[in-house]
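Undergrad: Kindly produce the complete structure, drawing on both the sequences and the hints.
The lines below spell out each chain.
There are 2 protein chains.
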Amino acid sequence: MKAIQPIRWDPDAKQLILLDQSLLPAEEVYRGYSESGEVAEAIRSLVVRGAPAIGCTAAFGVVLAAYRYTGSEAAGLGAVVAEAMDDLAGTRPTAVNLFWALDRMGRTLAGSAGQSCGAIRSELEREALAIYRDDLAACREMGDLGAGLVPESAKILTHCNAGALATAGYGTALGVVRSAFSRGKVSMVWVDETRPVLQGARLTAWEMVREGIPATLITDSMAGALMAAGDVDLVVVGADRIAANGDVANKIGTYSIAVLAHHHGIPFVVAAPISTVDLSLVSGGSIPIEERERDEVIGFRSEVWAPEQVRVYNPAFDVTPAELVTAIVTERGIVRPPFGPALSEILRTG
Amino acid sequence: MKAIQPIRWDPDAKQLILLDQSLLPAEEVYRGYSESGEVAEAIRSLVVRGAPAIGCTAAFGVVLAAYRYTGSEAAGLGAVVAEAMDDLAGTRPTAVNLFWALDRMGRTLAGSAGQSCGAIRSELEREALAIYRDDLAACREMGDLGAGLVPESAKILTHCNAGALATAGYGTALGVVRSAFSRGKVSMVWVDETRPVLQGARLTAWEMVREGIPATLITDSMAGALMAAGDVDLVVVGADRIAANGDVANKIGTYSIAVLAHHHGIPFVVAAPISTVDLSLVSGGSIPIEERERDEVIGFRSEVWAPEQVRVYNPAFDVTPAELVTAIVTERGIVRPPFGPALSEILRTG
Numbered sequence: 048m049k050a051i052q053p054i055r056w057d058p059d060a061k062q063l064i065l066l067d068q069s070l071l072p073a074e075e076v077y078r079g080y081s082e083s084g085e086v087a088e089a090i091r092s093l094v095v096r097g098a099p100a101i102g103c104t105a106a107f108g109v110v111l112a113a114y115r116y117t118g119s120e121a122a123g124l125g126a127v128v129a130e131a132m133d134d135l136a137g138t139r140p141t142a143v144n145l146f147w148a149l150d151r152m153g154r155t156l157a158g159s160a161g162q163s164c165g166a167i168r169s170e171l172e173r174e175a176l177a178i179y180r181d182d183l184a185a186c187r188e189m190g191d192l193g194a195g196l197v198p199e200s201a202k203i204l205t206h207c208n209a210g211a212l213a214t215a216g217y218g219t220a221l222g223v224v225r226s227a228f229s230r231g232k233v234s235m236v237w238v239d240e241t242r243p244v245l246q247g248a249r250l251t252a253w254e255m256v257r258e259g260i261p262a263t264l265i266t267d268s269m270a271g272a273l274m275a276a277g278d279v280d281l282v283v284v285g286a287d288r289i290a291a292n293g294d295v296a297n298k299i300g301t302y303s304i305a306v307l308a309h310h311h312g313i314p315f316v317v318a319a320p321i322s323t324v325d326l327s328l329v330s331g332g333s334i335p336i337e338e339r340e341r342d343e344v345i346g347f348r349s350e351v352w353a354p355e356q357v358r359v360y361n362p363a364f365d366v367t368p369a370e371l372v373t374a375i376v377t378e379r380g381i382v383r384p385p386f387g388p389a390l391s392e393i394l395r396t397g
Numbered sequence: 048m049k050a051i052q053p054i055r056w057d058p059d060a061k062q063l064i065l066l067d068q069s070l071l072p073a074e075e076v077y078r079g080y081s082e083s084g085e086v087a088e089a090i091r092s093l094v095v096r097g098a099p100a101i102g103c104t105a106a107f108g109v110v111l112a113a114y115r116y117t118g119s120e121a122a123g124l125g126a127v128v129a130e131a132m133d134d135l136a137g138t139r140p141t142a143v144n145l146f147w148a149l150d151r152m153g154r155t156l157a158g159s160a161g162q163s164c165g166a167i168r169s170e171l172e173r174e175a176l177a178i179y180r181d182d183l184a185a186c187r188e189m190g191d192l193g194a195g196l197v198p199e200s201a202k203i204l205t206h207c208n209a210g211a212l213a214t215a216g217y218g219t220a221l222g223v224v225r226s227a228f229s230r231g232k233v234s235m236v237w238v239d240e241t242r243p244v245l246q247g248a249r250l251t252a253w254e255m256v257r258e259g260i261p262a263t264l265i266t267d268s269m270a271g272a273l274m275a276a277g278d279v280d281l282v283v284v285g286a287d288r289i290a291a292n293g294d295v296a297n298k299i300g301t302y303s304i305a306v307l308a309h310h311h312g313i314p315f316v317v318a319a320p321i322s323t324v325d326l327s328l329v330s331g332g333s334i335p336i337e338e339r340e341r342d343e344v345i346g347f348r349s350e351v352w353a354p355e356q357v358r359v360y361n362p363a364f365d366v367t368p369a370e371l372v373t374a375i376v377t378e379r380g381i382v383r384p385p386f387g388p389a390l391s392e393i394l395r396t397g
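First to last, the sequence lines map onto chains A and B. Position one of the first sequence corresponds to residue 48 (the numbering used here), numbered consecutively onward. Position one of the second sequence corresponds to residue 48 (the numbering used here), numbered consecutively onward.
Derived from the structure by calculation, the hints contain no laboratory data. In this text, all values refer to a predicted model and were calculated from it rather than measured experimentally. A hint or two may mislead.
It does not matter which identical chain is meant; a pair holds if it fits inside one copy or across any two.
List of simulated lysine to any residue pairs, SDA-like, C-alpha gap at most 25 Å [what the hints assert, rightly or not]: (1) 202 to 362; (2) 202 to 341; (3) 232 to 358; (4) 49 to 61; (5) 61 to 140; (6) 202 to 326; (7) 202 to 368; (8) 202 to 335.
TA: Structure representation (structure tokens):
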């Protein structure tokens with residue numbers, strides 16, 4: 048089966064092609080982007096989402112800006128690229144992979160000072176492709192490492208979509224699921240629907256069905272009852288940002304699942320590339336949490352089911368404290384508590 | 048403001064009028080019922096839902112069957128009524144108030160042996176009205192008692208709809224909220240949307256908006272993050288069945304909230320009339336849990352968002368063990384742990 052490719056770069060047309068995730072699973076529509084501003088809007092409107100995927104996409108957004116500048120002044124090119132980077136950085140505040148990818152692009156730009164515009168563009172394109180390939184390789188590695196944590200005949204609960212769609216491909220949490228499944232270790236994947244945007248019901252369910260991995264869709268509120276019944280052996284989720292002490296920001300609802308897993312003595316595993324770790328933040332309390340529109344909560348697409356007058360609170364992420372995390376799977380190894388020293392060690396040795 | 052009346056009996060037309068809750072909040076449609084079979088279907092399809100409301104509705108369904116039999120043979124009337132009771136009993140398995148109300152109607156039928164058909168019909172009608180009025184009075188009493196458990200400026204989290212719509216009126220959990228609000232004690236009601244049927248987003252939000260009680264709608268997955276932020280002082284929910292040991296069956300997701308409340312040291316209060324207590328069951332493990340259709344989970348109304356091929360698990364209720372319950376508010380008093388002796392005492396003294 049063809050691997051899921053949410054992000055593709057067309058090197059001839061200098062065009063970014065995104066699978067429009069807002070339409071999945073009903074429609075599989077690929078959109079071409081030639082403007083970094085349109086890429087920023089695609090990130091904002093969740094055409095592409097998932098921390099690593101946002102990072103890759105933003106990197107290609109920078110490349111598009113560089114190609115859009117058709118002059119020959121390096122300073123002019125630099126200004127256009129810097130403006131695009133600012134725009135892209137303003138799209139979504141929580142996933143640090145976005146800033147990490149933009150930082151890599153910024154360093155590349157700085158490193159190519161004195162070169163011709165053509166050379167700078169090539170350097171930026173090369174770097175974006177490297178970010179993309181690194182992410183794909185990291186997912187494979189996390190999958191292999193994480194599969195070792197999965198018991199035989201495992202019933203695995205996952206939340207949101209930390210799958211191929213959330214990355215360059217293969218996935219973080221779902222990378223672990225895929226690798227474990229290929230080793231015959233997965234008897235069931237419980238797919239939390241993940242309100243309000245339903246990334247579980249729409250995207251994770253689609254990935255599982257597509258690859259024949261046994262999966263059952265539940266509402267977010269059912270996770271506790273499943274755990275109480277002994278039907279969950281392991282929780283695996285992704286991450287949008289991990290603070291220096293191991294606190295994990297991830298899709299809203301992750302914290303509730305972590306508390307439930309703790310209460311039932313079920314391992315709670317986070318799979319995320321090194322680019323998700325933000326050593327500049329001492330703890331999760333400093334991670335900015337995006338609040339999104341009320342529309343996402345009062346209905347879905349054409350259906351509005353709540354009274355228009357009701358107040359809404361819609362934080363897109365929450366923070367799970369390190370105490371509730373059993374292990375963090377990175378491409379450089381599995382990190383265990385105490386996370387503080389382990390995370391700084393693994394970042395230092397990279 | 049006119050009180051919410053989800054269930055009305057027209058004594059002249061001998062007709063039951065139900066507010067169609069499946070259409071709320073967009074439309075406020077009242078439907079007339081003259082056949083007990085249609086009433087059973089209304090219960091099954093969630094035109095009316097909520098444990099006490101189901102009990103009241105079923106009682107009137109029995110009355111309709113009695114009036115539908117136009118003969119003058121008491122045995123014939125008895126057979127028709129018994130058949131209607133069987134049909135009504137088969138609608139929904141978890142809420143015990145249904146069986147409790149049917150049991151009251153059955154006793155009334157048995158107690159009027161030897162009377163004329165007209166007299167039997169009148170007795171049944173009187174009993175159904177008594178069940179209805181008792182429920183309304185019980186809700187008021189629970190509201191007053193429960194309000195004493197609510198701290199000043201309370202931020203209260205509730206799940207599903209245990210409101211006027213779930214009862215003859217006023218509500219169980221929302222009865223507590225209403226009474227506390229009338230005493231100036233409520234600063235915010237956090238309304239869990241309660242997937243899959245969205246009773247929170249559709250019904251509780253509607254009740255709160257209608258009465259100007261400050262309320263904020265959240266997805267079910269946000270409760271944990273709110274608790275961690277210190278924004279929940281108290282959880283109040285209803286119940287569909289309470290076992291002899293104090294284990295509580297209630298809308299799916301209640302258990303998760305109870306675990307979260309326990310983790311954060313937040314009181315978890317259940318408000319339910321005595322008719323919800325089932326002393327025949329030693330513990331919650333014996334409470335039958337209704338499983339509903341996959342359609343409820345893969346979408347809502349016209350929107351289908353999950354892949355059609357995905358498996359679905361859709362239990363409508365879960366069981367919260369007594370250890371996680373701080374208090375049970377009944378119309379006869381507030382019951383505290385150990386619930387076993389306290390519940391049997393309060394039922395005995397009724």
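Undergrad: So which hints don't hold here, by number, going up?
TA: 5 and 6
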